[in-house]
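There are 2 protein chains.
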Amino acid sequence: MPESTDTPHHRHLEHARAQVIELLSRQAIERDLLSRSENRKSDVVAQLVVRQHQAALAQRLMRFHPADIAFVLENLAPEAREMAWALVRGERRGAVLLEASDNVRRSLVESMAPEEISAVMRTLDSDDIADLVSSLPDEQRAAVLEHVDRADQAEVRSVLSFPEDSVGAMMDLDFIAVREDASLEAVQRLLRRKKPLPPHTNELIVVDRNNSLRGVLPLDRLLLEEPEDEVSKVMLPEPTFFYTDDRDRDAVDAFEKYDLISAPVVNLHRQVVGRITVDAVIDEINERAQSEGLRQVGLSEDDEDLFTSPVTSARKRWPWVALNLLTAFVASRVIDAFEPVIAQLVALATLMPIVASIGGNTGNQTMALVIRGLSLNQMGPQQLRKMLLREVLIAGINGTVWGSALGGVTFLLYHDWKLAGVIGSAMLLELLLAATAGLLIPVLLQRFGRDPIMGSSVMLTATTDSMGFFIFLGLASLILIP
Amino acid sequence: MPESTDTPHHRHLEHARAQVIELLSRQAIERDLLSRSENRKSDVVAQLVVRQHQAALAQRLMRFHPADIAFVLENLAPEAREMAWALVRGERRGAVLLEASDNVRRSLVESMAPEEISAVMRTLDSDDIADLVSSLPDEQRAAVLEHVDRADQAEVRSVLSFPEDSVGAMMDLDFIAVREDASLEAVQRLLRRKKPLPPHTNELIVVDRNNSLRGVLPLDRLLLEEPEDEVSKVMLPEPTFFYTDDRDRDAVDAFEKYDLISAPVVNLHRQVVGRITVDAVIDEINERAQSEGLRQVGLSEDDEDLFTSPVTSARKRWPWVALNLLTAFVASRVIDAFEPVIAQLVALATLMPIVASIGGNTGNQTMALVIRGLSLNQMGPQQLRKMLLREVLIAGINGTVWGSALGGVTFLLYHDWKLAGVIGSAMLLELLLAATAGLLIPVLLQRFGRDPIMGSSVMLTATTDSMGFFIFLGLASLILIP
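Residue numbers (full-length UniProt numbering), protein chains in the order written: chain A, 1 to 482; chain B, 1 to 482.
This is chain A alone, in the form it adopts within the complex (with noise of 0.2 Å):
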């Protein structure tokens, strides 16, 4: 149901939640400064003051919508925000700590008793429950598990079941089915005795008698055809429709695609079970593009919190940091091989990172570009041809130009022709290399079934700085070195 907030546009929504917080965290100190005075008498009037600006507070709390109180308790400090935490009413908690992070839920659910927890998941449908509970620590879970209702338990049980990257664990329980052979006055009939529909109710769900899926009918038919008509006649016989097992990423591609609202969920007797709503994909969506970055440094999202304890967080990046130190000393290797050549001349020490850096650079653009195309399915042979092409040929170009100032001011720097000419062709060759890798790793990685994304960063920078310190030293030992 739709909330009444404080004011609907943001602006003076902004301003308003900034003015609550500045509020929350005043009075927390306050009532700090007033339980360590010692004079009895004027604590009674401060009291009641502190009261009455409570109360108030109360009252502006109770106008914001539940996101917004959850923005303003994520904004105070620990103390603040336990007192504002006692200043929100049971009833609206549940909503809260749905729409709070991880964090605060964590912080919040910690100083609560059991009872409290169980009376906040009164309030919640089983599914937003399984959400909540899926998101706290193990050790929470199963206490907290335990207090829900008897007849709440078995669903949020199966929703818990589900993987966690299934359309099960993402849908919503929480929908209206209506049978086929209804006429649209009796849905009607039924429609006013359940109101307020769940939120998200765009359609209804037609099914037969054994709660099979048979089409959907959409609020607006309902409300524009004619009452005597039934269901199968005005509804639309081939929603897209999921199965629990689906990946969920399939049903956040067929949203986007699509532009759904809602759809069923069935199981695998296509028996309608529950349905997705856009809000759970978008919220998907964000998640998805939250983890992008860090799988591209070979981070995990659930490894990453700040209630993870660091050891555990810096064991979980060993994998990473050992195969970067492999490859690193791979690259040192190389080096090694031209000991003679450094020993020579100093400068193709002090030069050598150049070549390394701007290689590591360029890969990481082109590889940008390639994970952005393979994300939209944009990366076909034919697409991957031309962007090859492409690629090459602006390394082709930077390498040229950028290659020739190099070549210059190494000129200028040293006095020496030859080595200008190595250090400026290494950075084109380099240039041309990292592109070609950066477009390589990422598909190369899909096409093995992997994950193009993961690690791909460690494993360009791999590659662009063994080849950069190769082809300098090898260039500048085959030309400089008589």
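Calculated directly from the structure, the hints in this document are not laboratory data.
Keep in mind the model is a prediction, meaning the values are calculated, not measured.
Please note that a few of the clues may not be correct.
It does not matter which identical chain is meant; a pair holds if it fits inside one copy or across any two.
[As the list claims (entries may be wrong)] Pairs of lysine-lysine residues, derived as DSBU-like cross-links and limited to a Cα-Cα distance of at most 30 Å, are as follows: (1) 316 / 386; (2) 195 / 233; (3) 233 / 257; (4) 195 / 418; (5) 257 / 386; (6) 233 / 194.
Once you've looked at the hints, dock chain B against the given chain A.
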């Protein structure tokens, strides 16, 4: 209006799409062979067969959703794509163009005559036409605009006049407004005349006689409340709304937070001029996510599609290449300052890139976490402190463990305890510094009002490279050189 799709479940659909793509590709080849063959008589028969096949394919394409037709077109070679496009019926071409990627869209529009374009446009709303037009290259834009119907042209131009990142450019002009003093019954009569409703109509917009926003009337309320009631009694009086000049980001945030499906857009006089729908918000979120990876390496979406000339793209990348060269030069000068040390012990040149490389990758990990936090609005002063502490701790653990390993391997290679100690300690110091830099760079960029992502990765490697060389060579010159 919902389109009837070939089959509602994506697994079948994927199969059907793949089949059609293969058939189309094969036919394009057959037709090509036919046009080259000499035998007249067999031609006639073969042509008949081809025509029969094409009729069947046109039938199948007709049952596809426009988004799936667009998918098919994107996965065909140019000749086959042209043939397939000819099979798409005129009245569906507009919808397909809207769903296609910029590349395919341009290649299709390129081959169309002005009259064809105007015919295609006639089936679209003016805001969709604006979307299409704005994605075309400048040369084509004016030509296409001329062929738009007079009536639409003014609206299209007005939408095009809003800045690209404003709510105005994103809004939908197709909405239903009702007066607050009408009865629900009268509204229902009005809707019956107007059906089908515009897509994503979950609520009607309520206005007064000046067309000023008064509230919204959700369809379910219209359906379930008493027909004699006045709109003003049943409507939600304080809906979330946007001004045309609000940033699109604000709309996206509000949709995410309040789980909206649509929201009214008003001009400066608070008159309703359009609405934002959730499908546009999802497109916007996706675009934002895709541009993030590019911005990190200093690229921008607009300069990087396959239709921009490589020379232009190459030049657009120059500022970052230049910055990269400059910072690499600084790093090179750091090494230069230690030339005498390297001349004494060439192994230092061999080992120094290891330290720098590990620093770069570790810093990138921390930076990915911070960027995620910033984009989630979770980086208050408190969280920043907590994350810095955490990342430095992790760097300390990993620096100690893997620094010792690196020292061990170095000892095995060079049999020099001091050198092993130097590289181990340099790695520990470098990791601590890289974690700090990875946190500070995006945070400082944001504090100074810059995009915290743009080029952050270039700046980070610049820092970690220079400091890595300085720490390692500095320690070496202190400890190893008498």
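Results of checking the hints against the structure:
Proximity of residue 316 and residue 386 under a CA criterion of 30 Å is satisfied inter-copy only: 19 Å between copies versus 38 Å inside one chain copy. In the homo-oligomer, the alpha carbons of residue 195 and residue 233 lie at most 30 Å apart both inside one protomer (24 Å) and across protomers (17 Å), since each shortest distance falls under that limit. Only within a single protomer do residue 233 and residue 257 lie at most 30 Å apart by alpha-carbon distance; the minimum there is 27 Å, versus 37 Å between protomers. With identical chains, the CA atoms of residue 195 and residue 418 are never at most 30 Å apart, being 83 Å at best within one copy and 78 Å at best between copies.
In the homo-oligomer, the alpha carbons of residue 257 and residue 386 lie at most 30 Å apart inside one protomer (25 Å), although the nearest pairing across protomers, at 40 Å, exceeds that limit. Taking identical chains as interchangeable, the C-alpha atoms of residue 233 and residue 194 lie at most 30 Å apart whether they share a chain (23 Å) or sit on different chains (20 Å).
Of the numbered hints listed earlier, the single one contradicted by the structure is hint 4.
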